[in-house]
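Using the hints, position chain P against chain A.
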Amino acid sequence: MSVLNPVQKRDARHLGMRASENIYQSIVCFILALIAATMVLPFLYVIVISFTDSSVYESGTFYMWPKKWSVEAYSLILRGQGFLNALKATAFITFVGTPINVCANAGLAYMLSKDALPGRKMINRLVMFTMLFGAGMIPNFINMRNLGLINSWFANILPSACGAWTVMVMKSFFSELPRDIEEAAEIDGCGTIRMFVQIVLPLSLAMLATFTLFAFVSYWNCYFSAIIYLTDSNKMPLQVYLSKIVLSTDISEVVDMDNDLKNKVPQEVMRMACLVVVVLPILCIYPFMQKYFAKGVMVGAVKG
Amino acid sequence: MAQAKPVVYDLRPHRRSLAQRIWAYKWTYLLGVPGMTLMILFNYLPMGSLLMAFEDYDPWRGLFASPFVGFKHFVRLFGDDKFYQMLGNTLTISLLSLLTFPAPIILALLLNEVRSSAFKKTIQTTVYLPHFLSWTIVVSLTFFLLSSEQGLVNKIIIAAGGEKRSFLFDKSIIYFIIVVQSVWKGVGWGSIVYLAAIAGIDQGLYEAAKIDGASKFQSIIHITFPCILPTVAVMLILKMGSIISVDFEQVLLMTNALVKEKLDVFEVYIYENGVKSGSTQFSYTTAIGMFKSVISTMLVLITNRIVSSNGMKGII
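From first to last, the protein sequence lines are chains A and P. Each residue of the first sequence is one higher than the one before, counting from 52 in my numbering. Each residue of the second sequence is one higher than the one before, counting from 173 in my numbering.
Hints listed in this document are in silico derivations from the structure and should not be mistaken for laboratory results. Warning: the hint list may mix true and false statements.
[To be verified] The list that follows gives simulated cross-link-like pairs (lysine-lysine, DSSO-like), each with its CA atoms no further than 27 Å apart: (1) P:Lys292 <-> A:Lys342; (2) P:Lys254 <-> P:Lys388; (3) A:Lys295 <-> P:Lys448.
[Said to hold, decoys possible] Label pairs and their in silico Cβ distance ranges: (4) P:Gly260 <-> A:Arg245: 54 to 64 Å; (5) P:Val351 <-> A:Pro150: 32 to 42 Å; (6) A:Asp239 <-> P:Ile278: 49 to 59 Å; (7) A:Glu109 <-> P:Val325: 15 to 25 Å; (8) A:Tyr75 <-> P:Val325: 50 to 60 Å; (9) P:Phe341 <-> A:Leu252: 48 to 58 Å.
[Stated by the list, open to error] With the Cβ distance kept under 7 Å, some of the chain P side facing chain A (calculated, not the full set): (10) Arg193; (11) Ile194; (12) Asn215; (13) Thr308; (14) Thr457; (15) Gly461; (16) Phe463.
The model shown is predicted, which means the values in this text are computed figures rather than measured ones. Ideal placement from N, C-alpha and C gives every residue a C-beta, glycine not left out.
Excised from the complex, chain A in its bound form:
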């Protein structure tokens, strides 16, 4: 609010009013800061404890700033075979899944954005219907078994790779692209595939980036599909690994570390170090995602 309108100018002359406005602003900001603090403080607590030296932690006193720092918990977690297996699984699911997800969604959305396409309405209805009705857990499980995908990481990737909501948002984005560019390219003899790859996709980079990040987050966070479709405990992704570490009373077996290292670091500190490692990639890409929220993509998505 750099430019004041006449009403505000008049108000600004009344010093009393300005003071009450300041009080009002500080109260609002204080409440909001409190709300934001509930989101930040738990992480701060976990990060600090995860770096606390075991001798300080076991003495029982709690500091918001540890007297003695240590990265021992991290070195134990990161070296454990359990973590490396889980990291491999999550890396595969995320880095193979994300491109498949974006390509499948964007292709289908582009197809549905062509108004004159024969059968467009019917395909559109079929896509929307998946939003409305799902077969349920057991039919999905049996289907996965029939397809031979049980205990394969593709069982975590493919079912969520093409979603009605994403297709609909991408479709409305593609329909709003200026028609004349495509028409001009068509007159110049540009084929459909080339037009999609060289003209339409480069024009939609911000939208594609958003959905790439969404896909990345959803694959990184994959938990439910892992416990249902994966049977080999060595193939479980990081989220399952973290839940095992947090929920089990003795973590040494989950971590799969050498016997002589057991009890070197308090289990609670190891648990927190594990959480920090699992959440770190999300925190790292979050600022990039955040860039797009305020812009049209998200608001347009919510409006449908």
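Okay, now just chain P, sitting in the frame of chain A:
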């Protein structure tokens, strides 16, 4: 061609045959094939297995040779005390989270009052973050705060000379914890749609109210709130559509032996008796899942009808 063709407008519909038009779009169809294949394989193919709900499924005989039993499993379901317990738990959790429905609206109203855009942006960045965290992370944080041995809250209670409590095994507060987790995770993200609605309000209304001597609070009650009411109505109705569903991952991770009876919901039952314990219960658990799917589909259709009949744009 030496001579340009005269321009002739052909206004007859369907100048080209259907086959010709389909052929003209062949490459466009090709782009949609991967997505359509995935949808058919993972959304439509499983629907065939719903037939199991009407038969005594025997994996050796397969889907089509298993004996057909009609509505046997549904009759068993409606006579099962467990069913009413699960339905009760689901509705209780949903209704309690419905009570927190105003939270994102209040957050949006507060954010809208902030003058400093840098502060506003910082707060927004922070409150949107939990939406992107998995339930595993949220539940782990809850454990670090509330567990009886190492939890921060109990450490503070003990340091203050109190008696430690096992919050996570307490039947009386487990719903409270579940609802607080959901609000923590969703409040920021939920406020986006209301912020967008508030941003669309004509600023002239506020100036006129100010000239008429309206206070800030009066402006919110008499301008902001009525203007975002359509959005509020749509969101409320949409929420009603999902009243029979709870967040499976959250409930599964929060369950333990002592609070299980409070957290037994359809999804957890299907998972434990269908997926985990083999094929003997496939038919019954499929029937439970189908009951749930049909009810929630009906709820979505009904609520969508209400939204569109009130002159607002529905989702379908």
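Violated hints - listed by number, lowest first: Numbers 2, 8, 16, in rising order.
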